[in-house]
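Asker: Spelled out from the first residue to the last, the chains are:
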Amino acid sequence: MKFQDEFRDRELVKNMAANIRRMAERLTKPVNFMEVCGTHTMAIYQFGIRSLLPENVRLISGPGCPVCVTPVGYVDRAVACTADARNIVATFGDMLRVPGSRSSLMEERAKGADVRIVYSPLDAVALANANPERRVIFLGIGFETTAPTIAASILEATKLGLSNYYVLASHKTMPVPMEILTADPDLALSGYLCPAHVSTVIGANAYKPLAEKYRIPCVVTGFEPADVMQGIEMLLAQVLAGESRVEIQYSRAVSWEGNPKAQTIMERVFVPCDASWRGLGLLPGSGLAIKPELARFDAERALAIDPGEEQENPACRCGEVLKGKLSPFDCPLFATACTPESPVGACMVSSEGTCAAAYKYGR
Amino acid sequence: MCLGVPMKILSRDGDTIVAEVDGVQKEASVMLLGEEVGIGDYVIVHAGFAISRLDEEYAQETLRMMKEVFAPEDMR
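First to last, the sequence lines map onto chains A and B.
The first sequence begins at 1 in our numbering and counts up by one.
The second sequence begins at 1001 in our numbering and counts up by one.
Check the hints yourself; a few may be wrong.
Unchecked claim - Between beta-carbon pairs, the in silico distance windows are:
(1) 1013(B) to 282(A): 41 to 47 Å
(2) 213(A) to 1018(B): 42 to 48 Å
(3) 55(A) to 1064(B): 30 to 36 Å
(4) 1022(B) to 32(A): 34 to 40 Å
(5) 360(A) to 1069(B): 52 to 58 Å
Claimed, not checked - In the DSS-like style, the derived pairs of lysine-lysine whose C-alpha atoms are separated by at most 27 Å in a straight line are:
(6) 261(A) to 1067(B)
(7) 1026(B) to 159(A)
(8) 1026(B) to 29(A)
(9) 14(A) to 1067(B)
(10) 1026(B) to 1008(B)
(11) 261(A) to 291(A)
What the hints assert, rightly or not - Sample of chain B residues facing chain A (criterion: CB under 8 Å; computed from the structure):
(12) 1024
(13) 1025
(14) 1037
(15) 1040
(16) 1046
(17) 1058
(18) 1062
(19) 1064
(20) 1070
What the hints contain is simulated information worked out from the structure, not anything from laboratory work.
By construction, the Cβ of each residue, glycine as well, lies at the ideal position given by its N, Cα and C atoms.
Pulled out of the complex, with its shape left as it was, chain B reads as follows (with noise of 0.2 Å):
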């Protein structure tokens, strides 16, 4: 019941989204969300709710630190 799912933004009517992952789409309340979001926005989505945006420059961030930090020719 814990699971908070990263889904994509389809379109969003008031405090209601429609969202999207791996072809499944679901509705969801944004009511809890600080921040605004909108369509082709990543939130994550638990219980139906989106309780927190996913941030893509932040991900692509840490993906882009740890191939430097873990490179292959770094390793022994």
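Here chain A stands alone, though its shape is the one from the complex (with noise of 0.2 Å):
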């Protein structure tokens, strides 16, 4: 696409790093910028962002990778499913190598579990209906972004009157957690490059109580290197103006009331519920859970599922990475013990996770 190149331009890129600097100069203490979209962290790492800023301006990926943040009972409920004969798990790829308590859906399907890998809900639907002898279980991970997508999988199963669809949600939605981080006297954040295409859906106003509450900049940022700098230029802006407001940078996508229609859907099939996260534990109010009345395609209730006991690796600093404490490079495994192709943790899993980021651009 013509104008996408153009936000890769070297020479604009340049000249906002030197803007960038210059309005660095001002700052009279360093500022912390958290992205929480595991687009952006990727993004931040392939176009070495990091080394157009000035050491006052650090960056802090947060957590915003699906696969990452899922914790690792869920994982096991997932291998559970693998085990009876009927079933058809079906799954967007990344979390095939996530590692559960003690197997992974990757080491089942190669024991000759029927794992399925799909590139759309739609697709598990589909395999639903073309095996009505079958079970076909999807795991239903990711943010706002997945969560309507998903919503349409059971409207659609509803349709065709599928009784053999199901899915294992573990849904999370993004502003309840940055409200724990910005809260987290720790971390000292400055300002929130929001993430673009969750906000595609629920819309920059989303982030308004954020912004208010805790005095906090949010600027909604496309994926670009171009994006990303003026995302963070326009939050140097505000840190300099004693400002805490909320502004779309990515306006040719993201509008302030996003999209009703994927809202409706989602609202449809889902209600908020509490929800466990991987390193940040249980959050109340931050996941979706599927209505009672549509508790026929819930596998949680509709399957007798025994996830067995839970273990979590005790060397695996996933939890600390994930809320921004601890830099991939300051984690004792990083590109020794784990590696993207022998992964201990869900970040060097996924390729949105940031160690996976950081192992493939980063060193």
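If you follow the hints, you should be able to join the two separate chains into one complex; please do so.
Answerer: Right, here's the structure in full:
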């Protein structure tokens, strides 16, 4: 796409970097900006954004990778689903290698379990339609970008009258963890690069309570190098002016109201619930559960799943990485015991994970 | 898995579109989109669904403003 290439214009990005350096000279103390979107984390490493910034403007990666924040207990439940030969477990590819307490979906598949990678939740519905004698269990993880697509798959299964389609739901919603991290004095956050595609659905208004309550600048930012640089520049301008507003840098895709149709479909299928996050623990109202009237699609309620006892690998520091308290480079396992080929923790598995991005681009 | 990809719509049949990026063509559903889209429009496709229309006018406007603010002659 022509206009996308222009957002990678080296000259433009260089000028933006010079501008940011000049602005940063006026800072009285260093600022910490957090990105809470895995795609931002990838872009920041891939385009070497950190190397363009002065020392007193720091970027911290937060819990923006949906696979990474999924707790080990969920992986155990997904693995338990593969034990019954009637079941087909359908999932997005990056869940496959995430280690559970004793096994991963990849290991179970190697032993003969029927685990299928799908590109869209609708592919999982089609799988259920084509295999009426089997049960298809789709692993429903992801933020507000993915939740409407899974809600749509449940509505599609209803329309087709399917009784063999299930979702093992563990959806998370974004503003709640941002509030927890803002309140953490250790992080001393000065601003957020707000997630772009989550915001296409929920709209930029969703961050207003955060900006107002915690007086923290929020800028909804796109993924190209010029987008990220402008997002940082807009945050800096707010910090220097002593302001804390929500602004949209990524106006070509994000509005204040978001996508009302996606929101409506999500509300028809899900209700807010408490959710467990890797690294952050149980956060009230930060998840989405399937509504009771649609319980027949809810794998958790409709099927007997016994995940066994949960065991975290005590050496894994993913929890601290997800909170922005540990850089991947400071984890003793990074690039030694833990690599993308043989990941110990979730942050090294998904390409959106902070450790995977640091491994691929940052060394 | 959370990757949204900007794609150009090549064809549309009901709620199903075929969209393209870098020569790769994919089918996607537009049932989550609140606004009408057609052939030639850009959308962000995530997990088989178009979740947002990508507005080229806004993109050009952002670029124009960026270039104006960050013009080389203003830089030291």
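Asker: Run the structure past the numbered hints and jot down the numbers of the failing ones, going up.
Answerer: The structure breaks hints 5, 6, 8, 12, 13, 14, 15 and 19; every other hint is satisfied.
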